[in-house]
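S.K.: Use the sequences and the hints to build the structure in full.
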Amino acid sequence: MTTTSEPRADAKTPKKGRFRALSRLLATLMARGRNTWRALTSMGTALVLLVLLALAAIPGALLPQRSLNAAKVDEYLALHPVLGPLLERMQAFEVFSSFWFTAIYVLLCVSLIGCLTPRTFEHLRNLRATPVAAPRNLSRLPKHAQTQLAGDAEELGAQMAAELRGWRRITRSADSVVEVSAEKGYLREFGNLIFHFALLGLLAAVALGRMFGYEGNVMVIADGGPGFCSASPAAFDSFRAGATVDGTKLHPLCVRVNDFTADYLVSGLATSFTAHIDYQAGEDLRTNQWRPYLLEVNHPLRVGGVRAYLQGHGYAPTFTVTFPDGQTRTQTVQFRPDNPLTLLSSGAIRIDPPAGVYPDASERRKHQIGIQGLFAPTEQLDDRLLSSAFPAMNDPAVAIDVYRGDTGLDTGRPQSLFTLDSRLIDQGRLTKVARSNLKAGEQIRLDDGTKVRFDGAVPFVNIQVSHDPAEIWVLVFAMTMMAGLVVSLVVRRRRIWIRITRAEQAGTVNVELGGLARTDNSGWGDEFERLSTKLFGKET
Amino acid sequence: MNTSHIDIGLARYSDWAFTSAMIVLVIALLLLAVELASSRARTPAESELVSAGGVRSDSATPGVVAPAQRRPLGERVGRAGLALVYLGIALLLACIVFRGAATLRPPWGNMYEFINLTCFSGLVASAVALRRPQHRSLWVFVLLPVLILLTVSGRWLYATAAPVMPALQSYWLPIHVSVVSIGSGVFLVAGMASILFLIRSSRLSDPDAPGALARLVRRLPDAQTLDRIAYRTTIFAFPVFGFGVIFGAIWAEGAWGRYWGWDPKETVSFIAWVVYAAYLHARSTAGWRDYKAAWINVVGFAAMIFNLFFVNLVTVGLHSYAGVG
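Just so you know, the sequences run in chain order H and E. For the first sequence, my numbering begins at 497 and goes up steadily by one. For the second sequence, my numbering begins at 1323 and goes up steadily by one.
Accuracy of the hints is not assured; some may be wrong.
Claimed, not checked - Once the Cα atoms are required to be at most 20 angstroms apart in a straight line, the calculated SDA-like pairs of lysine to any residue come out as: (1) K568(H) x W1584(E); (2) K1587(E) x L558(H); (3) K568(H) x K1587(E); (4) K1587(E) x L559(H); (5) K1587(E) x P555(H); (6) K568(H) x H1641(E); (7) K1587(E) x F914(H); (8) K568(H) x F914(H).
Keep in mind the hints are simulated off the structure, nothing from the lab.
M.R.: Written out as structure tokens, the structure is:
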């Protein structure tokens, strides 16, 4: 680093008054800026920033993160009423998008660019530069060897230089003294630069992917039903997208799920999940041609710029309600799997009476049926408490509360799919009229003659559709990074000098060899010995 | 790749091999510790000294051939210990191979199997890094953490041989997990070397520091050797672990729908990788080269251990298929 300071801006041209003060201020600011830039791009700062980056990521591993599991964050907030909101304000639940994490990695990027730019130019200069002249006293170098050889200085010099294949070398001779300077290991810095530039490329690709990518999840009942088409965010149950995605240009993909099979060991451990799906994308959408695909975990469907994943599964129980006049309504709704091992699930169903059962709309609204409860694929009863013994559907059963009244379907307010609106229950607009455990095919009769039958259940699958245009570039940059890293760790920089001088005895010369390991000393001793043996043609 | 058929007999051989490996390694640790505690300060090798009038047995000149010097007891005990270490490594390998044969899948599908593999790669890395006789005393400090890990794995994380869940049924399982555990195993050796470097270059190793502990510390290889072992193992493990993380990301893209999602395991791997990157930068920064760099390496070691246990067993994330609880 150069230490010469620029002459003061006002040293040569004396100015007067305000102008002088201004120029001095400007000079101070420039000096300050230059110092800041130097400090920011120094290795020490980069090191501190790296350590800070590691430290800053720690809460991301220890605290629940909203992007991963929002429910966990709410739970944490409820458990820690004092600490929670404080952490919330510090963005500790969104560590990786927090201002402080962003600040650290932006500073690190700036520091990296500031460090790389001069090093790149220096490396380019070095590539063209000739190896430096030999120092006066070679025996002062960390490695040194000497011998006497018979022969002519010029000839020996040329011969030794030729032996140094793979080294960049130059022979200088003056006053019958021949000096060979040789250097190798330029690839090390090259690999180092490649690694860091690829790192920047990787970050850029990740950022692009985050801006232009999207992903949505949807629960599809696996009965060959209508399925879904991913042409709009509205098709998804949940949708996360980058800043530039407004939902108008999603890649259209239509999927219907024909069946879903899960295999389990007796212990309840799953061994396979498979779903037979049909899909349409691209031209098929116009010709209405369905293509089959076997969707499995680890085998996403990659088509038309998007990827479709089998991400989860559960059960959708079917209920049939027979109203007093004999009309029936049947509905199948996804229940949320609460226990991932036994698939004990919970959920709710809302059923509107058919037209004609009740005289007017307001009466009809007061007789909607709401069902809320638990579903077990394999019934296990402790007294009357339902739980599930096994994740496969061997003996399906439900434990339900049946409500009658206004389920809030036409209030316009969004409701959870899995629970009835508790405010309607609290207000008395929805009242519990029965509670029962039912096996498949069993039914209960309500006081007004309405019958609620549990028909059984069908599996549903959770399908995620993702789009990330920069994904392939992330991979390319990651691999380039690793290639650069390996090169920079394997290649070592070495510098040697040979000096051949005439000896007192005619026809012989003194040969001196000095060596310097510019990086990574380990193994240099043996390497130097091998080199001197090779060059001198004998052990020294 | 996945079958519900488990060969009970082979699984039992695997368990026996595990127990035998534990016993053999414990005995090896004891023998090596005896050597470490009993060896005197280094003296010129006695076999080099030839008494007056005597000749070596391979000498061309006639003379009295002195009976071969018996090695001192401590050294013989140490060599026996080292032989047992190699036997223990072979038994651990047998345990892993039998697991694989019993389940017909790569034998690293749960925490028990993963830790066994990590310990195995740590031991193999040590066998390479500590191949010189003068490094033998360091084995004690490798065996200690390895035996602790193996005890935890066998006692609390043991999982019976079984097929793996669908998310793990991918050809990335053998690639990602083996590469990561090789990286972790080698980092383990690097961490131990850095800890010993810090101890060796502390006040404890002053020639006139009193106490048994100081005597023990002085028997370790010199600080420079320890530092070199730490550096060389780290520059081997750093790209290996990096590749492991990248392979994991490629797998995650196929299994979980994204290549990176700040899952706790991903986060701590990121932290560990950044810490080791800091170590490498510290090695080439004036003023950070020795002690600060070693401390950073120790922090990386802590992050790896944390990654191995805490993240899999305590936090809930996508990597929580520990096969426990």
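S.K.: For K1587(E) and L558(H), compute the direct alpha-carbon distance and say whether it is at most 20 angstroms.
M.R.: holds (11 angstroms)
S.K.: Between the alpha carbons of K1587(E) and P555(H), is the straight-line distance 20 angstroms or under?
M.R.: Holds - the C-alpha atoms of P555(H) and K1587(E) are around 13 angstroms apart, at most 20 angstroms.
S.K.: Do the alpha carbons of K568(H) and W1584(E) lie within 20 angstroms of each other, as the hint requires?
M.R.: Since the Cα atoms of K568(H) and W1584(E) sit roughly 15 angstroms apart, the hinted pair holds (cutoff 20 angstroms).
S.K.: Taken at face value, is the distance from the CA of F914(H) to the CA of K568(H) at most 20 angstroms?
M.R.: This hinted pair holds, its Cα atoms lying about 18 angstroms apart.
S.K.: Taken at face value, is the distance from the CA of F914(H) to the CA of K1587(E) at most 20 angstroms?
M.R.: Violated, at about 31 angstroms.
S.K.: CA of K568(H) to CA of H1641(E), is that 20 angstroms or under?
M.R.: holds (17 angstroms)
S.K.: Take a quick look at whether K1587(E) and L559(H) sit within 20 angstroms of each other, Cα to Cα.
M.R.: This hinted pair holds, its Cα atoms lying about 13 angstroms apart.
S.K.: Between K568(H) and K1587(E), is the straight-line Cα distance small enough, at 20 angstroms or below?
M.R.: holds (17 angstroms)
In summary, the structure is inconsistent with hint 7 from the numbered list given earlier, while agreeing with all the others.
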